[in-house]
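Undergrad: Sequence:
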Amino acid sequence: MERLLKWIGLSIFIGWTAAILVNYSIYQHATTQLTFVHPMVDGIIFMLIMLGVYIYIWKSYKKKRTTATVQLGVFGALSIVLAIVFL
2 MERLLKWIGL
12 SIFIGWTAAI
22 LVNYSIYQHA
32 TTQLTFVHPM
42 VDGIIFMLIM
52 LGVYIYIWKS
62 YKKKRTTATV
72 QLGVFGALSI
82 VLAIVFL
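Under my numbering, the first residue of the sequence shown carries the number 2, and numbering increases by one thereafter.
Heads up, some of the hints might be wrong.
Restraint ranges, calculated between C-beta atoms of paired labels, are given here [said to hold, decoys possible]: (1) Leu22 x Lys63: 16 to 22 Å; (2) Val54 x Leu5: 16 to 22 Å; (3) Ile85 x Lys63: 30 to 36 Å; (4) Val75 x His39: 28 to 34 Å.
27 Å max Cα-Cα, derived DSSO-like pairs, lysine-lysine [as the list claims (entries may be wrong)]: (5) Lys60 x Lys7; (6) Lys7 x Lys65; (7) Lys64 x Lys7; (8) Lys63 x Lys7.
Just so you know, these hints were derived from the structure itself, not from any lab.
Given the structure is predicted, the values throughout are model-derived calculations rather than measurements.
The C-beta atom is built at its ideal place from N, Cα and C for all residues, glycine as well.
Whole structure, please, built from the sequences with the hints as guidance.
TA: Encoded structure:
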């Protein structure tokens, strides 16, 4: 089960990266907002961060379920706040 979950997280990251690379022209021309590096690179960095959060919460879940639940709540609330700030 653990191997399956690792592969799921990794395949989501690889799929997202492939989608960004295939749709490069859309990311290059459709961006009107400021980016940190480049819209395509920012998308890949974002997914790397999400993969890291996924692995971190999974490992924390294996140690103690209540801690993972609190972490998911905090990360979720932080994500909503950041989405509103960067909107």
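Undergrad: Confirm or reject the claim that Ile85 and Lys63 have a C-beta distance inside 30 to 36 Å.
TA: With Cβ atoms ~32 Å apart, the hint holds.
Undergrad: Honestly, do Val54 and Leu5 meet the 16 to 22 Å range at C-beta?
TA: 18 Å, holds
Undergrad: Check whether the Cα positions of Lys60 and Lys7 lie no farther apart than 27 Å.
TA: It holds: about 11 Å lies between the C-alpha atoms, which stays within 27 Å.
Undergrad: Lys63 and Lys7 were given as a pair; does the straight-line alpha-carbon distance stay at or below 27 Å?
TA: Roughly 13 Å between the alpha carbons, so the hint for Lys63 and Lys7 holds.
Undergrad: Decide if the proposed pair is consistent with the structure: Lys64 and Lys7, CA atoms, cutoff 27 Å inclusive.
TA: 16 Å, holds
Undergrad: Checking one constraint from the list: CA of Lys7 to CA of Lys65, max 27 Å. Satisfied?
TA: Judged against 27 Å, a Cα distance of about 18 Å means the pair holds.
Undergrad: Given a hint of 28 to 34 Å, does the C-beta separation of Val75 and His39 actually sit inside it?
TA: Holds: the Cβ-Cβ distance is about 30 Å, inside 28 to 34 Å.
Undergrad: Evaluate the given range 16 to 22 Å for the C-beta pair formed by Leu22 and Lys63.
TA: Hint violated: Cβ distance 33 Å, outside 16 to 22 Å.
Taken one by one, the earlier hints fail for this structure only at number 1.
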